[in-house]
Amino acid sequence: MNEKIRKITQDSIRGERIYGFKVGDGVKVHVRIKEGEKERIQIFSGIVIARKGTGATEMFTVRRISFGIGVEKVFPIHSPYIEKIEIDRTSVTMRAKLYFLRKRVGKEAMKVRERQLPVAKAR
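For the sequence shown, the numbering used here assigns the number 1 to the initial residue and increments by one for each residue that follows.
Hints are not guaranteed to be accurate.
[Stated by the list, open to error] Distance windows between CB atoms, simulated:
1. G106 <-> F44: 17 to 25 Å
2. E37 <-> E83: 12 to 20 Å
3. Y19 <-> F100: 22 to 30 Å
4. K38 <-> T90: 32 to 40 Å
5. Q10 <-> M94: 15 to 23 Å
[Stated by the list, open to error] Straight-line Cα separation of at most 25 Å, PhoX-like style, residue types lysine-lysine; simulated pairs:
6. K28 <-> K52
7. K107 <-> K28
8. K73 <-> K38
9. K7 <-> K52
10. K22 <-> K97
11. K52 <-> K97
12. K84 <-> K97
13. K34 <-> K73
14. K84 <-> K52
15. K28 <-> K84
16. K4 <-> K97
17. K97 <-> K7
18. K38 <-> K84
Simulated from the structure, these hints should not be mistaken for lab results. Backbone N, C-alpha and C fix where the C-beta goes; we use that ideal spot for every residue, glycine too.
Using the sequences and the hints given, assemble the complete structure.
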């Protein structure tokens, strides 16, 4: 890769912005929204159905059902407008992309096999 391009992409990547979520996890994305002179934080919660790209161009897609209609948003991971990403629940997926959730209706549209956390045995 060209040295100039490498330098520009390294400047846009923030080291503290590495999140441990994966496809199938339920997340809450805290997005900073600017309205005129004011700024506020808006939370978009849903299931991560895709992650794509590398480095500064890495993005993830979050899907949720709002008033019976599926809504998807694509967020750049290293965006300065993302305040933080909270992981609600983790899941076990068998695929890299969960686009099949788009065809599901109702409660089935948000069902992904959730991870069973190991229970510590008392001794």
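Here is what the structure says about each hint:
no.: 1; hint: G106 <-> F44: 17 to 25 Å; result: 21 Å, holds
no.: 2; hint: E37 <-> E83: 12 to 20 Å; result: 19 Å, holds
no.: 3; hint: Y19 <-> F100: 22 to 30 Å; result: 24 Å, holds
no.: 4; hint: K38 <-> T90: 32 to 40 Å; result: 35 Å, holds
no.: 5; hint: Q10 <-> M94: 15 to 23 Å; result: 35 Å, violated
no.: 6; hint: K28 <-> K52; result: 19 Å, holds
no.: 7; hint: K107 <-> K28; result: 19 Å, holds
no.: 8; hint: K73 <-> K38; result: 23 Å, holds
no.: 9; hint: K7 <-> K52; result: 21 Å, holds
no.: 10; hint: K22 <-> K97; result: 10 Å, holds
no.: 11; hint: K52 <-> K97; result: 9 Å, holds
no.: 12; hint: K84 <-> K97; result: 23 Å, holds
no.: 13; hint: K34 <-> K73; result: 17 Å, holds
no.: 14; hint: K84 <-> K52; result: 19 Å, holds
no.: 15; hint: K28 <-> K84; result: 8 Å, holds
no.: 16; hint: K4 <-> K97; result: 33 Å, violated
no.: 17; hint: K97 <-> K7; result: 31 Å, violated
no.: 18; hint: K38 <-> K84; result: 19 Å, holds
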